[in-house]
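Asker: With these hints in hand, go ahead and build the complete structure from the sequences.
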Amino acid sequence: MINFEYLRVSTPKAAIEALSRDNTSQWIAGGTNLIDLMKKGVMAPQKLIDISNLPLKEIKKEGNKVHIGAMALNSDVAENELIQREQPLLSLALAAGASQQLRNMATVGGNMMQRTRCPYFYNTDLPCNKRQPGSGCGALKGFNRMHAIFGASDKCIAVHPSDMCIALAALDAMVLVNGPKGDRRIPFTDFHRLPGDTPQKDNTLERGELIIGIEIPDNPYRKNVHYLKVRDRSSYAFALVSVAAAMDLEGGTIKDARLAMGGVAHKPWRLSEVETWLKGKSVSDAVFREAAQLAMRGAKAYGQNNFKLKLAPNAIVEALKAATQKT
Amino acid sequence: MATKGPHNEDPNDKALNKGRREFLKHSSLLTALAVAPPHLVKAAESALDEKAAVYFEQVPLSLEVNGVHHKLSVEPRVTLLDLLREQLALPGTKKGCDHGQCGACTVHVNGRRVLSCMSLAVMQEGKKVTTIEGLANGDQLHPMQEAFIKHDGFQCGYCTPGQIMSGIACIREGHANSDEEVREYMSGNICRCGAYPNIVKAIADVKKGGHKL
Chain A
4 MINFEYLRVS
14 TPKAAIEALS
24 RDNTSQWIAG
34 GTNLIDLMKK
44 GVMAPQKLID
54 ISNLPLKEIK
64 KEGNKVHIGA
74 MALNSDVAEN
84 ELIQREQPLL
94 SLALAAGASQ
104 QLRNMATVGG
114 NMMQRTRCPY
124 FYNTDLPCNK
134 RQPGSGCGAL
144 KGFNRMHAIF
154 GASDKCIAVH
164 PSDMCIALAA
174 LDAMVLVNGP
184 KGDRRIPFTD
194 FHRLPGDTPQ
204 KDNTLERGEL
214 IIGIEIPDNP
224 YRKNVHYLKV
234 RDRSSYAFAL
244 VSVAAAMDLE
254 GGTIKDARLA
264 MGGVAHKPWR
274 LSEVETWLKG
284 KSVSDAVFRE
294 AAQLAMRGAK
304 AYGQNNFKLK
314 LAPNAIVEAL
324 KAATQKT
Chain B
7 MATKGPHNED
17 PNDKALNKGR
27 REFLKHSSLL
37 TALAVAPPHL
47 VKAAESALDE
57 KAAVYFEQVP
67 LSLEVNGVHH
77 KLSVEPRVTL
87 LDLLREQLAL
97 PGTKKGCDHG
107 QCGACTVHVN
117 GRRVLSCMSL
127 AVMQEGKKVT
137 TIEGLANGDQ
147 LHPMQEAFIK
157 HDGFQCGYCT
167 PGQIMSGIAC
177 IREGHANSDE
187 EVREYMSGNI
197 CRCGAYPNIV
207 KAIADVKKGG
217 HKL
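First to last, the protein sequences are chains A and B. Note that the working numbering has the first sequence beginning at 4, numbered continuously upward. Note that the working numbering has the second sequence beginning at 7, numbered continuously upward.
By construction, these hints were calculated from the structure, which means they are not laboratory data. Please note that a few of the clues may not be correct.
Derived DSS-like pairs: lysine-lysine, alpha-carbon spacing no greater than 27 Å straight-line [to be verified]:
| no. | chain 1 | residue 1 | chain 2 | residue 2 |
| --- | --- | --- | --- | --- |
| 1 | A | Lys42 | B | Lys101 |
| 2 | A | Lys16 | A | Lys60 |
| 3 | B | Lys134 | B | Lys77 |
| 4 | B | Lys133 | A | Lys16 |
| 5 | A | Lys68 | A | Lys258 |
| 6 | B | Lys133 | A | Lys60 |
| 7 | A | Lys68 | A | Lys303 |
| 8 | A | Lys329 | A | Lys284 |
| 9 | B | Lys134 | A | Lys60 |
| 10 | B | Lys101 | A | Lys43 |
| 11 | A | Lys42 | B | Lys134 |
On the chain A side, residues computed to face chain B include the following (Cβ under 7 Å) [unchecked claim]:
| no. | residue |
| --- | --- |
| 12 | Asn6 |
| 13 | Tyr9 |
| 14 | Asp39 |
| 15 | Gln104 |
| 16 | Ser238 |
| 17 | Glu321 |
C-beta atoms are modelled at their ideal positions from N, C-alpha and C, and glycine is treated no differently.
Answerer: Here is the structure:
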């Protein structure tokens, strides 16, 4: 790892000012992704601005929302009583990600900012439009077993790696941002972006914009929720496909549902159309299978990840079934 | 991770160092001073030459390791793992993958298990670190160390310090209520020899013993 300057800040304002002063600097919070990328030479900031001490760790109820500070640790959120009671889907998704050691380090804001685990992005000897725009996408005709089946482009077929973000996308979360030009709120599903012609941009943040926290509006999804993560080993691996499912049931009828997938796209893949279709339907395997087929419209695989075309709909059915069966 | 030295200096590193020094001289004096000790601030105010810039590469750090206070000076790029092993002569914490994938480097920071290979030493200012060397009380082994011996929870032993640190935390966190839960919450510690069944037994035994950990 090349050496760098180190600066510690204690307020969001100072963090934003310090970053704005020079474009070779970068924020660091938990560091669980950035340090890895720096060791590999994928990223080489000349200055790290340590924001891990910012007073943004609170997890609290605010009116009809839950507010989670950007610096709250993944393990603290997963095991928080308020989150487990009111937003259990988020707790399940967080617990499915990484290991407890990493969850003790990683922050909510950092989790959102993590880069793809595409092996071409990680290897500086190989082409990658995300790492080096214009160098090509090695995965397109290469090792693409982990890669996208939705929303990809011929410039990039990488997937977003987070579990937490899949639940937040499903739960209509809002991202709170401070920046040099003021504050703004970004709907979670608009935070991450599809690769298009500029896969180097993972999200819609402008340089100098700092995630302050997220808000999740109250919802009825306190019981019938499930996060299904299919991976190469039963724990501590990135998702091949994951499904966040939440249902509001009345008797055998689906009053409303929330559904999002991970491991299939460059951003958390929210299935709004399927949610609308499920509304008012009766709970049954046949309905879930039809919903899963609907979800797969427009899917496209790239060779080694052809199996995801079968795995993804099966995972949706299983997640919906499991959510229904929660008591 | 490469440390700086004549044998492994990367030419890119040199170019970047030069760029950084230029940048330091011209643009970010004040921000860099925020973490610099007073004598360096003074030196820098009078004349920020190449020599002073080199000093800035060392950041003062005070932390507690296994109950001992240390006042150190470290390069920002030094990980907590390298600090422990190479500067504090505590090689019990192991470097496995050095990329946050194996758990061999697990230590406790302020009582919680973290990966020391993915932690920058400078970010541990004022914190309390416990390593495998800090568990035993003189000749008296920690209950988890005893249990690993009793249940044969290792073969080659390389992952063991990380497994033990993680196992203690697993119980403290309240994640050792069943074998299944132990396996899930120990999944960040990889054992190449496959001693998993005995590791689970050791942790379950300590949990059952009701020791204060």
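Asker: Now tell me, hint by hint, if it's right for this structure.
Answerer: Cross-check of the supplied hints:
1. Using a Cα cut-off of 27 Å, the hinted pair Lys42(A) and Lys101(B) holds, with the two alpha carbons roughly 14 Å apart.
2. A distance of roughly 16 Å separates the Cα atoms of Lys16(A) and Lys60(A); the hinted pair therefore holds under the 27 Å criterion.
3. With a CA separation close to 13 Å, the supplied pair Lys134(B) and Lys77(B) stays within the 27 Å bound.
4. For a cut-off of 27 Å, the pair hint linking Lys133(B) to Lys16(A) stands: about 25 Å separates their Cα positions.
5. A distance of roughly 21 Å separates the Cα atoms of Lys68(A) and Lys258(A); the hinted pair therefore holds under the 27 Å criterion.
6. The straight-line distance between the Cα atoms of Lys133(B) and Lys60(A) is roughly 17 Å, inside the 27 Å bound, and the hint therefore holds.
7. Between the alpha carbons of Lys68(A) and Lys303(A) the distance comes to roughly 37 Å, so the proposed pair goes past 27 Å and is violated.
8. A hinted pair counts as satisfied when its Cα atoms are at most 27 Å apart, and Lys329(A) with Lys284(A) qualifies at roughly 18 Å.
9. Simply put, Lys134(B) and Lys60(A) have alpha-carbon atoms about 20 Å apart, close enough for the 27 Å limit, and the pair holds.
10. Our distance criterion of 27 Å between C-alpha atoms is met by Lys101(B) and Lys43(A), whose separation comes to about 16 Å.
11. Restraint check: the Cα-Cα separation between Lys42(A) and Lys134(B) comes to about 25 Å, which is no more than 27 Å; the hinted pair holds.
12. The beta carbon of Asn6(A) comes within 5 Å of a beta carbon in chain B, closer than 7 Å, and the hint placing it at the interface holds.
13. Interface hint at Tyr9(A): satisfied, since its Cβ lies 4 Å from the closest Cβ of chain B, which is below the 7 Å cut-off.
14. About 5 Å separates the beta-carbon of Asp39(A) from the nearest beta-carbon of chain B, less than 7 Å, and the hint is met.
15. Given hint, Gln104(A) at the interface with chain B, holds; its Cβ is 5 Å from that chain's nearest Cβ, closer than 7 Å.
16. With a cut of 7 Å, the hint placing Ser238(A) at the interface with chain B holds, because the nearest CB-to-CB distance is about 4 Å.
17. Because the beta carbon of Glu321(A) sits about 19 Å from the nearest beta carbon in chain B, more than 7 Å, this interface hint is broken.
The structure does not agree with the numbered hints 7, 17 stated previously, though it agrees with the rest.
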